[in-house]
Amino acid sequence: MKRVDLIVIGAGPSGLSAAIEAAKTGMSVLVFDENARPGGQLFKQIHKFFGSKEHKAKIRGFVIGQQLLKEAEDAGVQVSLESTVIGIYPEREVVVRKYVETPAADGTDPQEPSSRHEAVFHYKADAILVATGASENMVMFDGWTLPGVMGAGAAQTLMNLHGVRPGKRVLMLGSGNVGLVVSFQLLQAGCQVAALVDAAPKIGGYGVHAAKVARCGVPFYLSHTIKKVEGTNHVTGVTIAEVDSHFQFIPGTEKHFDVDTVCVAVGLSPMSQLLKMAGCEMDNSGKGGGQIPVVDAAGQTSVPGIFAAGDVAGIEEASSAMIEGRMAGIRIAEYLGYETKEAGEAEFSKEEASLEGLRQGMFAPQNRGMKIEKTEEGIPISTNLLKHGFVADDEIGRFPGVTHKAGIHPVMECTQNIPCNPCQDACAKHCIHIGLNITALPAVEEGSTCIGCGMCVASCSGQAIFLVNEHTKEGCAEVTLPYEFLPLPKAGDEGFGMSRSGKPVCRAKVVKVRTSKAFDHTALLTIEVPEDMAMKARFYRSRLECTGGDSVIAQSRIKGAEVSQNGATGDRPCESKAAAESEKREEGAAI
Amino acid sequence: MRTDRSKDLGPCLPMEGDDRIVCRCEEVTQGEIRQAVHDGMFTMTEIRRYLRCGMGLCQGQTCSRLVSGIVARELGIRPGELRPASSRAPMRPLEMSIWANECQAPDGAAETKKGGAGDEKC
Amino acid sequence: MRSADVVICGAGVIGCAAAYYLAKKGKSVIVIDADEAIGNGGSSRNGGGVRQSGRDVRELPLAMYGIRSLWPTLSEELGTDVEYVQKGNLRLGKTEKHRQILQGLTDRSTACGLDVKMIDKDQVRQINPYLSDEVICASWCPTDGHANPLKTTLGYFRAARKLGAVFLTGEKVLRLRKEKGALRYVETDADTYLCETAIVACGYESRQILDSVGIDVPLTKDLIEALVTEMEPEMFPQMLGTADADFYGHQTRHGSFVFGGSAGYDRENRDFGHLAVYGNTAPAICRATLRWIPRLKDAKIVRTWAGYEDICADGVPVISKIDEVPGLIAACGFTGHGFGISPAVGTCLAELACGEKTSVDLSALRYDRFRSCV
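Protein chains in written order, with this note's numbering: chain A, 55 to 645; chain B, 0 to 121; chain C, 301 to 674.
Hints in this document: simulated from the structure, not taken from any laboratory. Model, not experiment: these values are computed from the prediction. Mixed in with the good hints there might be a few duds.
DSSO-like, lysine-lysine: derived pairs with alpha carbons at most 27 Å apart [stated by the list, open to error]: (1) 6(B) - 324(C); (2) 571(A) - 527(A); (3) 521(C) - 6(B); (4) 281(A) - 256(A); (5) 521(C) - 330(A); (6) 6(B) - 462(C).
Reference excerpt, derived from the structure (chain B facing chain C, CB under 7 Å, subset only) [unchecked claim]: (7) 4; (8) 8; (9) 10; (10) 14; (11) 28; (12) 39; (13) 42; (14) 86; (15) 89; (16) 92.
Chain C side only, calculated, beta carbon under 8 Å to chain B, not exhaustive [to be verified]: (17) 450; (18) 457; (19) 458; (20) 470; (21) 530; (22) 570; (23) 573; (24) 577; (25) 590; (26) 597; (27) 601; (28) 602; (29) 604; (30) 605.
No residue lacks a Cβ here, since even glycine has one placed at the ideal position from N, Cα and C.
Input sequences plus hints: build the corresponding full structure.
So this is what it looks like as structure tokens:
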């Protein structure tokens, strides 16, 4: 039986990170993953990550995956793909199902290609790390088994791994980060998102993720959930309704949407079955998202030599999974004598501090379920953001990133304390200040001078930074915004400036479209808007997108789906908005 | 945990959603699960064995959370108080011919990148 | 202090069946099990065989009585479909040596009046066309069959509970206590129960409980393993076994196949306290199965499990009143073939507890039958 020092099960962020740390100390490390591609969920994550430099912030998930793979290869880690671990047996035996390649007879005849068949292999290891991640939760409603109802993660796999659009028109259930991020990716893939629905009274994920979706015109329905999904052979529609504080439907609040897809993003459950099979003591109290192994800080379970890291040991996110993986890798190297206790301890504490850094702010595990009304700075949280997905016009001014100034200057619409600071590093002119407390809201540094380079705009994983010049010429202002849709508009294009709520508020002309390697696929769109719209226009849509029969805007007017998307803005009719409306009418008449 | 199976749960009154399928692999409904609890099946293990929910191809990956929610509600306890059913190999359904085919991995030989079997002998 | 006419230690299929028949007779019953789940021992971890062929002649009458009088109507009786199928048992052979083994088993069974006979290759093929061409003979008992052990156990539990039997799970019986020479109390880790009669049906754990009143039954335990496939199209209804007993199993009503077998080291495998299965057993069961039923090569296994058999020194159970301790009845040591006889055993236990003549003569299964061999 083949024996190695360490077997890692799962080539996701935590598994690969652990394997790298262990292999660097000279251990023989074998990683098994059932998928054809390594990287776990990272390869579906096309968005930029949060955190600080050490957490690989502002790098897109799939790029982090590529980096990890390269590091793993360099460290001598063997990664075996399409290799399904069947079970963990006594004495740390791992049984794996995988392919056996039988080379062609003499290896030269192209007519006789090599053949593959499958077999089971037995391995033993002195340590095993289980890093199998999590699976998606489901909720039941009438029609939940119809084709077209799927996990948000499944939709993400279809889009981002296989290039398949999950549907044409989608309703998303769940406003956590997964629901928000996947909604945005659905829009990027060219799907329409009819609505984002959550039974909770407030949005669960990052406000900046919600804001990106809201400004594309997607309506949010909080305190709502799915009553039933309609269709005989597949989804043809969905009815949602409002729920009271006990999550009971309120009669008469039903709203119907014609959709062909319903995505469910209601949390994840650790896939901890292997650990349970191995006899590890389990915790089913519900913390960690489901059944998790009882582990110490390094992921050591109750069974000597068996470790767990990442989501399988408690649902968090990819960034913390990587750190947990490294911590487990370091401790395993120590455990097997490949690393001295002193050296291991030093590295371990460094990682521990880094993990601690991530577990800060409003969304930290210890704050789950808590009602937070003010930021760390004492600023009242935007209630409109939590209810409708965007900060209202009369709320935005109270945040330290939003200031007025002559000439071009950054406007950071970052209103919640999350552990993230790439914008501070991005600005060579030190216009942006966060400080040592990584969760502090970014503030405009007084006396600094913005040169309009746009690095901050592209660096913000939440797409919450804009460059604004409130007065360029008579009656005009310019807004530079992050743009991640294709096709890219061209300079000279004319369309509409969209409010934070996704409503056209003014005409807008594309002045400049900047792309650069340093921006990492985030294009910077500079639009010219009426002066009074400088602090209101936060997105751009072409005329076609705004007036086409299928457009998001047209769809938002669907039966019953109208909501006060302007929130508390006061909705003052302005010249520019009237102009936009009249233009739309004209277009309609022309058709 | 000590449990008296005579605990009075009251009558099993019909509820909205009773005809909804909970376990998709074995097509077990909410109503069947609720009735089983009222018949004395207070543990996830018994529910599985009595109704087969969670015994199909996915082995409860999708439904076990939903089932435990229903069982806990009928018993008036938190889902966390229910011990999940045991976990057993294989972690994924596995053809008999493949499981029957045991191979020896060569000592120390490098795994090939994809498929990873190298020159292993069967 | 709670009291009952009968306290049953062990909520396995034997304890549940006894509880059901006692409750039906109007007796008050308390059933106590250390496990959180009903029937979590061998009752839920067996191949589901309801057969007479291949049985030791000492327990054969129990099997024959159950199949004649109890199994055919059990689903109606309990109000739970126990998936009883009476379509025969084939015990297969591929070699001359196998033929001799099967012939011996057949001769001993026919002597007891069982309808079982040796059949040849073609007859086997007629009964079951899916078997390997290498099969040359089989013993055939048309009145054998199989049932669902999970549903049978829980069906007895459900019906007994409905009749008022009290079931306490997650409570461990520590000892029995006598009063004035007769059994009177059952003590657990939570409480003490007063009773007229106690039935000990705890599998291997019975040994320790019986020891508290000075009785010993020579029991050991073995960890055995089995596996189950996904739902397959209906193929054959017979129960299968082999001359070497290297594999056994059947297709359930649901469509899945249940197979048991061994890698040959079961007796020596370590006890990890969580019913660990070994990495080499499932492949062995798969190979054994495919040697007999090659067509199942693409059937997917969805689950494997392990369970303890309480092995009695001479291979048949103890089902007996304990003369030295009036009021005490032992039912243990079923040695891996207790499920098929459980309705008959439950019936007899209820009769024993009520001081009635048992439906089947149990004199060969007395507790005091173990004598020195030298």
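Quick rundown of the hints versus the structure:
no.: 1; hint: 6(B) - 324(C); in the structure: holds (21 Å)
no.: 2; hint: 571(A) - 527(A); in the structure: violated (31 Å)
no.: 3; hint: 521(C) - 6(B); in the structure: violated (34 Å)
no.: 4; hint: 281(A) - 256(A); in the structure: holds (19 Å)
no.: 5; hint: 521(C) - 330(A); in the structure: holds (24 Å)
no.: 6; hint: 6(B) - 462(C); in the structure: holds (12 Å)
no.: 7; hint: 4; in the structure: holds (4 Å)
no.: 8; hint: 8; in the structure: violated (12 Å)
no.: 9; hint: 10; in the structure: violated (14 Å)
no.: 10; hint: 14; in the structure: violated (21 Å)
no.: 11; hint: 28; in the structure: violated (16 Å)
no.: 12; hint: 39; in the structure: holds (5 Å)
no.: 13; hint: 42; in the structure: holds (5 Å)
no.: 14; hint: 86; in the structure: violated (10 Å)
no.: 15; hint: 89; in the structure: holds (6 Å)
no.: 16; hint: 92; in the structure: holds (4 Å)
no.: 17; hint: 450; in the structure: holds (4 Å)
no.: 18; hint: 457; in the structure: holds (6 Å)
no.: 19; hint: 458; in the structure: holds (5 Å)
no.: 20; hint: 470; in the structure: holds (4 Å)
no.: 21; hint: 530; in the structure: holds (6 Å)
no.: 22; hint: 570; in the structure: violated (17 Å)
no.: 23; hint: 573; in the structure: violated (13 Å)
no.: 24; hint: 577; in the structure: holds (6 Å)
no.: 25; hint: 590; in the structure: holds (6 Å)
no.: 26; hint: 597; in the structure: holds (4 Å)
no.: 27; hint: 601; in the structure: holds (5 Å)
no.: 28; hint: 602; in the structure: holds (5 Å)
no.: 29; hint: 604; in the structure: holds (5 Å)
no.: 30; hint: 605; in the structure: holds (5 Å)
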